[in-house]
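Colleague: Letter by letter, the chains look like this.
2 protein chains.
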Amino acid sequence: MNAEIISVGTELLLGEILNTDAQFLATQLSELGINVYYQTVVGDNRQRLKNAVKTALERSDIVIASGGLGPTPDDLTKEVIAEEMNKELILDEDSLKRMLKYLQLKNLDTVKCNRKQAMLPKDCTILPNDCGTAPGCIIEENGKIAVMLPGPPHELECMYLNYVKQYLMKKSECIFYSENLKLFGIGESKVAEILYDYMENNENPTVAPYAEAVGVRLRITAKCKTEEEGKKIIEPVKADIMQKVGEYVYTDTGSSLPYTVVHMLIEKNLTISAAESCTGGMFAKMITDISGSSAILNESYITYANKAKTKLLGVKPETLKQFGAVSEQTAFEMAEGLYKKTGADVCVAFTGIAGPDGGTEEKPVGLVFVGVCVKGTTEVKKLQIYGSRDRVRNAACLEVFDIIRKKINN
Amino acid sequence: MNAEIISVGTELLLGEILNTDAQFLATQLSELGINVYYQTVVGDNRQRLKNAVKTALERSDIVIASGGLGPTPDDLTKEVIAEEMNKELILDEDSLKRMLKYLQLKNLDTVKCNRKQAMLPKDCTILPNDCGTAPGCIIEENGKIAVMLPGPPHELECMYLNYVKQYLMKKSECIFYSENLKLFGIGESKVAEILYDYMENNENPTVAPYAEAVGVRLRITAKCKTEEEGKKIIEPVKADIMQKVGEYVYTDTGSSLPYTVVHMLIEKNLTISAAESCTGGMFAKMITDISGSSAILNESYITYANKAKTKLLGVKPETLKQFGAVSEQTAFEMAEGLYKKTGADVCVAFTGIAGPDGGTEEKPVGLVFVGVCVKGTTEVKKLQIYGSRDRVRNAACLEVFDIIRKKINN
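Note that the protein sequences, when read in sequence, are chains U and B. So the mapping is simple: the working numbering equals the position in the first sequence, first residue as 1, plus 338. So the mapping is simple: the working numbering equals the position in the second sequence, first residue as 1, plus 338.
Be aware that one or more of the hints could be misleading.
Intra- or inter-copy, both count: the list cannot distinguish identical chains.
[Unchecked claim] In silico lysine-lysine, PhoX-like type, Cα no more than 20 Å apart, as pairs:
| # | residue 1 | residue 2 |
| --- | --- | --- |
| 1 | 720 | 439 |
| 2 | 744 | 460 |
| 3 | 720 | 388 |
| 4 | 425 | 392 |
| 5 | 528 | 606 |
| 6 | 425 | 569 |
| 7 | 425 | 435 |
| 8 | 392 | 582 |
| 9 | 649 | 678 |
| 10 | 659 | 563 |
| 11 | 509 | 482 |
For the record, the hints were derived by calculation from the structure and aren't laboratory data.
Make a model of the complete structure from these sequences and hints.
Modeller: Given below as structure tokens:
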């Protein structure tokens, strides 16, 4: 079974937004063992959309369209696909009610054109939009399937995962079952070198490394009939890979490094607090991104200015004067001071130069000192990170998560 | 003149990488006034690539292909396009020499198959690769133009900017000049309703609204010969739109809402501090994402636990007991307490239920109280946000940025 993705939107043709929807759908379909042979992007133009839909329905079993379900006259996806598949559009009262309720809750004005969004193809499967207004739908006709999803990424992802995935799984003959090992502290090329044989010669399961923003993900994929069979195919290969690079692996659940560490802390019943200078709240945000983190984080501090480091953490003015705010000594006193103030089991401190300005020859952009105090014992690590402000801050946070992981694992 | 982009690569169809090449090319072509009506993604498969090229050459004046110029047997772009345009491939000695030199400089092994990369269509314009091995090329035949570029983004961008842009500028008659207004606090449908006439009937400039993750962007685009002419065409339309929806417009520079507000604070020399419960550092992170924010942020607090709200901000235990942590009263005391503690000109407080757990009927997920204290005067606003944990937190932060914008603008 094969599928084609049609992304509808003039903003894509103009390059104003990246086509993340197509990537999301492609990844999801590939996991289900559904081959995607073509992706097409077309604008909000009736004739050209019609051409794209016609071509896609001729050459593909499943057509997944994203975008063009909005309330404005240039939103044409449903109209065009329904026409190509000989379905009329009729008002779905339930979808209209749902939408009006959503708009009311959000205190947004309802406008006449919202009604257009509740016009759906006759006999279609309606896909409720749990994260926005426009409902999606699925038409099946003459052995062809057309799935219509909204364009905004969070709406599309939410609708796909809640409704479309189940639907497609039932249609697929074989599945691809994947497990992911996530590594930190080793490069993609090094992983590839160590696991060269697997990557070159293995057919089932296949092994492939992917460089992530920070760290490496190793995907092991089995072609199988059931998840259980997939697990059996993967098991011995995974065990051998763990022998070879296990020390760098922080999870096999697909979870992020922060998620892994937050859950280790919850399990071990350890509290955490941070004193952030250059990361400015990013570390605390990464912890509180995770539901349940209130069990381990009571309070946390952003001490951006020197005087805040002294006022809140007791960093000595002499230390700041002699060594500077970005120094091993300051990081040490920040972590120690935080421990005195909060008594948290794990106290971490960040001070560095996030850039793009503020670097000197002696202390260049990307220099970050991190202090980690576990149950009263503090160690400072010096990092030199390359890249944008965002990358420097992000990598500093992840390094600290990895330090914590190693420290509390022992 | 119109163009079509064909991105070649199975990794795109599998969703392993994002199609940033297509976005780059789309933006560049749009700046030159070349309409892109279709983008196609196709894998490293001869027949399907052939179909895509054939279709593109039929319906478009210019076909720009990226990817598939590598040394391996599944790199087929040149072969397929040359065949479709009746050109044979011949070895280009200069390109081969250039490539061998590049490989030598980078200490990379030369392999036999690199020779394949120097095979180029007869009579083509050769595009040297200043950042890698594979040369690109342009074929002109029967009024159609085919441009072939390498897939790795830095090679593609480098080759486009160094050689292709000049070539295409000579072919193009006009350019598109755009200005963007960014709005907050109004939905896309409402904007569309107010500006219906512009969207339906305007040809030059065109007006189009785009829903962003939070907020709306309104693009005004003029077709013109020069940027100056474009500005003149846009000016009266922009002025009229500002009359109609100006109160929601936070910028016409394309900047984000946090960036806009941080720079307003810097300009007005106002300091800011936050007391974050449900947002857990996200608001401070959004401020410190912006280089230069150290001028306005000295310290900030994450008071996740009730006892932290009392310890650090002086929220009364009775208030927490009587009204709960997520209440108007707690938000008020948090903002007031923060002002007493820090004396910052703008003190903001967040308390809410980010979800997915922790909601009740009375206090559902997405309920957030935000307190904003400007120079000692505090107001609390109740928000009800729908969506994921991330969306709730993000939207709460952006609402507060917008409140600050309005308050300090007056």
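Colleague: Look at each hint and say if it fits the structure.
Modeller: Checked hints:
no. : hint         : result
1   : 720 with 439 : between (53 Å within a copy, 18 Å between copies)
2   : 744 with 460 : neither (58 Å within a copy, 47 Å between copies)
3   : 720 with 388 : neither (58 Å within a copy, 45 Å between copies)
4   : 425 with 392 : within (15 Å within a copy, 31 Å between copies)
5   : 528 with 606 : neither (32 Å within a copy, 51 Å between copies)
6   : 425 with 569 : neither (43 Å within a copy, 45 Å between copies)
7   : 425 with 435 : neither (23 Å within a copy, 60 Å between copies)
8   : 392 with 582 : neither (47 Å within a copy, 41 Å between copies)
9   : 649 with 678 : both (13 Å within a copy, 14 Å between copies)
10  : 659 with 563 : neither (66 Å within a copy, 55 Å between copies)
11  : 509 with 482 : within (12 Å within a copy, 42 Å between copies)
Checked against the numbered hints given earlier, the structure breaks hints 2, 3, 5, 6, 7, 8, 10 and satisfies all the rest.
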